[in-house]
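Asker: Residue numbers (our numbering): 159 to 288.
Incorrect hints may appear among the rest.
Ranges between beta-carbon positions, derived for each pair [claimed, not checked]:
no.	residue 1	residue 2	range
1	241	283	19 to 27 Å
2	176	273	35 to 43 Å
3	283	181	27 to 35 Å
4	243	276	15 to 23 Å
Cross-link-like lysine to aspartate or glutamate pairs, in silico, DMTMM-like; alpha carbons within 25 Å at most [stated by the list, open to error]:
no.	residue 1	residue 2
5	250	282
6	232	262
7	175	217
8	209	273
9	209	170
10	232	210
11	232	267
12	209	190
13	250	266
14	166	180
15	166	217
16	284	266
17	250	190
18	209	176
19	209	266
20	284	210
21	209	172
22	166	195
23	175	195
Simulated from the structure, these hints should not be mistaken for laboratory data. Heads up, the beta-carbon is just placed ideally off N, CA and C, and yes, glycines get one too.
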Amino acid sequence: MVHIFVGKAHSDMEIVKELLSEHPTLLNAAHDWNFGDFETALGAASHVGYKELARYLLDQGAQANIFTAALFGKIEIVRPMLEAFPLTLHAKGPHGFTLLHHAEQGGEDATEVLEYLRSLGATETKVKLY
159 MVHIFVGKAH SDMEIVKELL SEHPTLLNAA HDWNFGDFET ALGAASHVGY
209 KELARYLLDQ GAQANIFTAA LFGKIEIVRP MLEAFPLTLH AKGPHGFTLL
259 HHAEQGGEDA TEVLEYLRSL GATETKVKLY
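With the hints as constraints, model all of the structure from the sequences given.
Answerer: Structure (structure tokens):
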């Protein structure tokens with residue numbers, strides 16, 4: 159069930175809503191696509207730039223992280239996190255997508271985050287998982 163929920167979070171808000179209403183514990187469940195490539199529905203919606211679904215999941219209580227903050231252009235979250243944990247700049251998100259990728263997916267709303275990440279030396283949008 160988790161793999162279906164997470165998989166649908168890449169593209170189908172109605173199915174996600176339906177599954178979540180029937181199985182509320184799916185909200186923060188993670189699926190391992192293999193080799194430790196864990197992803198939640200929020201992670202899926204975030205890395206494809208599906209902001210409407212990401213916002214819906216957050217409004218339901220999904221656990222936000224720095225990747226989702228980058229998508230939404232939340233510099234007030236991204237900057238202090240990277241100041242406290244600088245190597246997070248190169249952290250691997252779902253499928254190896256980086257913070258830079260998530261900021262790019264955020265569009266105009268994430269311009270400040272995108273510029274900040276680049277100022278720190280971020281250049282890669284996807285890295286190998288293993």
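Asker: Hints first: check each against the structure and report whether it holds.
Answerer: Here is what the structure says about each hint:
| no. | hint | verdict |
| --- | --- | --- |
| 1 | 241 <-> 283: 19 to 27 Å | holds (22 Å) |
| 2 | 176 <-> 273: 35 to 43 Å | holds (39 Å) |
| 3 | 283 <-> 181: 27 to 35 Å | holds (33 Å) |
| 4 | 243 <-> 276: 15 to 23 Å | holds (18 Å) |
| 5 | 250 <-> 282 | holds (11 Å) |
| 6 | 232 <-> 262 | holds (13 Å) |
| 7 | 175 <-> 217 | holds (12 Å) |
| 8 | 209 <-> 273 | holds (20 Å) |
| 9 | 209 <-> 170 | holds (12 Å) |
| 10 | 232 <-> 210 | holds (16 Å) |
| 11 | 232 <-> 267 | holds (9 Å) |
| 12 | 209 <-> 190 | holds (22 Å) |
| 13 | 250 <-> 266 | holds (23 Å) |
| 14 | 166 <-> 180 | holds (15 Å) |
| 15 | 166 <-> 217 | holds (18 Å) |
| 16 | 284 <-> 266 | holds (20 Å) |
| 17 | 250 <-> 190 | holds (14 Å) |
| 18 | 209 <-> 176 | holds (18 Å) |
| 19 | 209 <-> 266 | holds (12 Å) |
| 20 | 284 <-> 210 | holds (23 Å) |
| 21 | 209 <-> 172 | holds (14 Å) |
| 22 | 166 <-> 195 | holds (17 Å) |
| 23 | 175 <-> 195 | holds (24 Å) |
In this structure, none of the earlier numbered hints is contradicted; all agree with it.
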